[in-house]
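Asks: Turn these sequences into a full structure, and let the hints guide you.
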Amino acid sequence: MMTASDPELTAALTAVLPAAQVLTTAEDLAVFAFDGTAILHQLPACVVMPETVEQVAAVLRVASERHVPVVTRGSGTGLSGGSVPCEGCIVLCLVRLNHILEVDTANLTMTVEPGVVTQMIAERAADVGLFYPPDPGSIRISTIGGNVANNSGGLRGLKYGVTRDYVMALQVAMADGQILTTGTKCVKDVAGFSLRDLFIGSEGTLGVITRITLKLIPQPAAKATLLGLFDEMTAAAETISAIIAAKIIPCTLEFLDRTTAECVEGYAHIGLPTDVAAVTLMEVDGHPAEVEEQAARIEQIARDHGARDVRRAATAAEATQLASARRTAFSALARRAPTVILEDVTVPRSRLAEMVAAIQRIAADHDVTIGTFGHMGDGNLHPTFLTDERNATEMARVEAAMKEIFQVTIDLEGTITGEHGVGLAKKPFLPAAVGPVAMEVMRRLKKDFDPAGILNPGKIFD
Amino acid sequence: MATPAVVPATVAEVAASVRHAAAHGTSLALRAGGTKDRLGRTTTAAVSMDLSDLRGIVTYEPEELILIARPATPLAEVQALLADNNQHLAFEPPFWGAAATLGGTIGIGASGPRRFVAGAARDFVLGMEFVDGRGRVIRAGGRVVKNVTGYDLWRALVGAYGTLGVMTEVCVKLWPRPESQQTLAMDARSRQEALQLMFAWSRRPEAITGLSYTSANGTLWARVEGSVAAIRTQTESLLKDAGRGEIMDETASQQLWEQIRECGGLQMLPGEILYRIVLPPSRVDDAVAALDKLGLDRYCLDWGGGLLWAVLPATMPAAAVHNIATDNRGVAARVGSDAEDTNEAAFTPLSEPVARLNQTLRNALDPQGLFSPGRLKI
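Protein chains in written order, with this note's numbering: chain A, 1 to 462; chain B, 1 to 378.
Careful, some of the hints might be misleading.
Unchecked claim - Below, a list of computed lysine-lysine pairs in the DSBU-like style, where the Cα atoms sit at most 35 Å apart:
1. B:LYS293 / B:LYS377
2. A:LYS403 / A:LYS427
3. B:LYS240 / A:LYS247
4. B:LYS240 / A:LYS223
5. A:LYS447 / A:LYS403
6. A:LYS223 / A:LYS247
7. A:LYS447 / B:LYS377
Hints are computed from structural coordinates only; laboratory data are not their basis.
Just so we're clear, the structure is a prediction, and the values are computed from it rather than from any experiment.
Replies: Spelled out as structure tokens, the structure:
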């Protein structure tokens, strides 16, 4: 059987792991050659599937001794190529470290292994009347380890923050296999510097996260869901600003542009008009009396700002249906083209309308199709290119349009990745975003944490 | 305290001063309002870098929910401006003195009673501009909630006690100020009864934003914030649950929590030392019992049991308190008694591998250890 593997490396790994947990055949390796990012792929030398922290440490020791790169991954839903293998690497796949170790209802925490699917965490919390708010779009598939390594966001960022805000403590295996714990169960306090904050969002380049203690909060008592339909993008953006100016912090403030709304209607058939410029999904949660009052005000504000229609869900089933307009956006767009490139930019909320207009202009200038949806509450937009990677001339236009979008983002005081990470896809744009001094300090830290440079090399920066 | 002082007024002057200090190997004690001197160990820095002239609000955009200010901007000034716009810093920072500044607050990572529901100071810092130990200006993070561009180096400056770098601008996330508040005050029969109610209430969906217990009068305090209509029904539901107690109106409630915010309302008398101990709420009962054996005089629980302010005899070795914190999976900080107290044992010691990574981080940002040496023991 054909193998991409190095026999000596395989022998060293099977000395510390059962042979069944070391994958080396071409067909096994092929499925680990990519993540959720379009276009990028590379076969690894082998894939290991550890089941314990000790096994993770043992793999890292083998890799350190032999100077073999290690690319850590979970479900592989990343959208910036952060878990795409590099040549000759060991893929360290943590999906079998998938136990919920403890749900502590006295201290409102949950301790989990990195391979637990995030949706399971949300469900276990709900089972005991508690709430784990971060809900990245990939929540049903992605693992919590990947969420922490990328500091994933989601639809609730404005009110509830992002993954970082819920990480109390981490256990991390360092490049040499040493295990350390940073943070405690007690509201995130530590003596010394907050190392935890350094590991969160470091995309597997500083250490391998092997255990996570998460903060849970009480489940809100009530929720209201509204859908706004607008003929002008600026009217939708002004509505969002007016809601926040009225001291209301919705838990969800999402939007779809016209291209996306058309695709969603064709896919989910929820009765969206296909001639609107923007659809907004607006949800508030909290105490029933407050939710009622805020929902009524949001409806009024939207109408005052020229909404064509505002629909309010009367039942939970209706709320789910309205919310599905946003939740299905990516799937609805994805079925329209062979290659879908989901971008991830964030601008200050006051610049949203300008940003959306710029994306539309750039799409027209370069003759490419871009559907835009995203999180209006926190300014995080996902311009989504519908293209075909086999069409080289179109790909060149996509590339040019993407560069222009990043430039506009930086000009509007935004950031080139809100929640997907840098990985490979954003690496060329990072120096311009953070400046040479920050780049130098990051490289230095990487070298100090991982002297042999074996942890996810070539990601974030070279 | 280090003398004499350099007094930079701009980021360029800070950078130039740091470069000069780096060239001469002169260490710098960073300070402005001077309200946090009793927190942490006394620095051994040769020269004081007085940041008082780096003050003023750079940008305030209420609709964006952000404020950017220079570090020596008085906290009181920030709060007054926000209050005019019905906004606030949701982490409810303690002052430790009227001259408190925004930079000092971020520098020690100080959070008040609302922290257990709203998050900590570090959760509200979106980005900053700072000068590293080589005198280079770094702008990091941003002004948006979602930003994952590389390592969040700058977050380590939050709670670093003036080590690692000199903040020159800081961007914080704002929140609408709740319309009103009320507090239920209840005489608890015992600490255990108070803790049981605190645990039960911290799991309820009501907007409970303060849960504290004062040992001196055995009172449990539960604050509810929100719209006038919503808080009334919620405090009444808590009252029904507790079976007794009184509801304090908005003004009385505000005054109470301003006191609790500052060291749990406890004052150190001569011969006493105050400790701040953060631990999992489920361990606080054991920790108090252990401290009782060391002569615990009075204490206050905050954050639904996650924070314990404890007054102990000054003769008690700090190591004993740190051991109790460690045994209960927490960390303690000793508050220095006066200017003579160098507060050597301010912090619970770090484990060896964690200490090493702390040093690695410090070497990356401040390789010569110029900033506030000795303040944090790593």
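Asks: Return the numbers of the hints above that this structure violates; sort them in rising order.
Replies: Failing hints: none at all.
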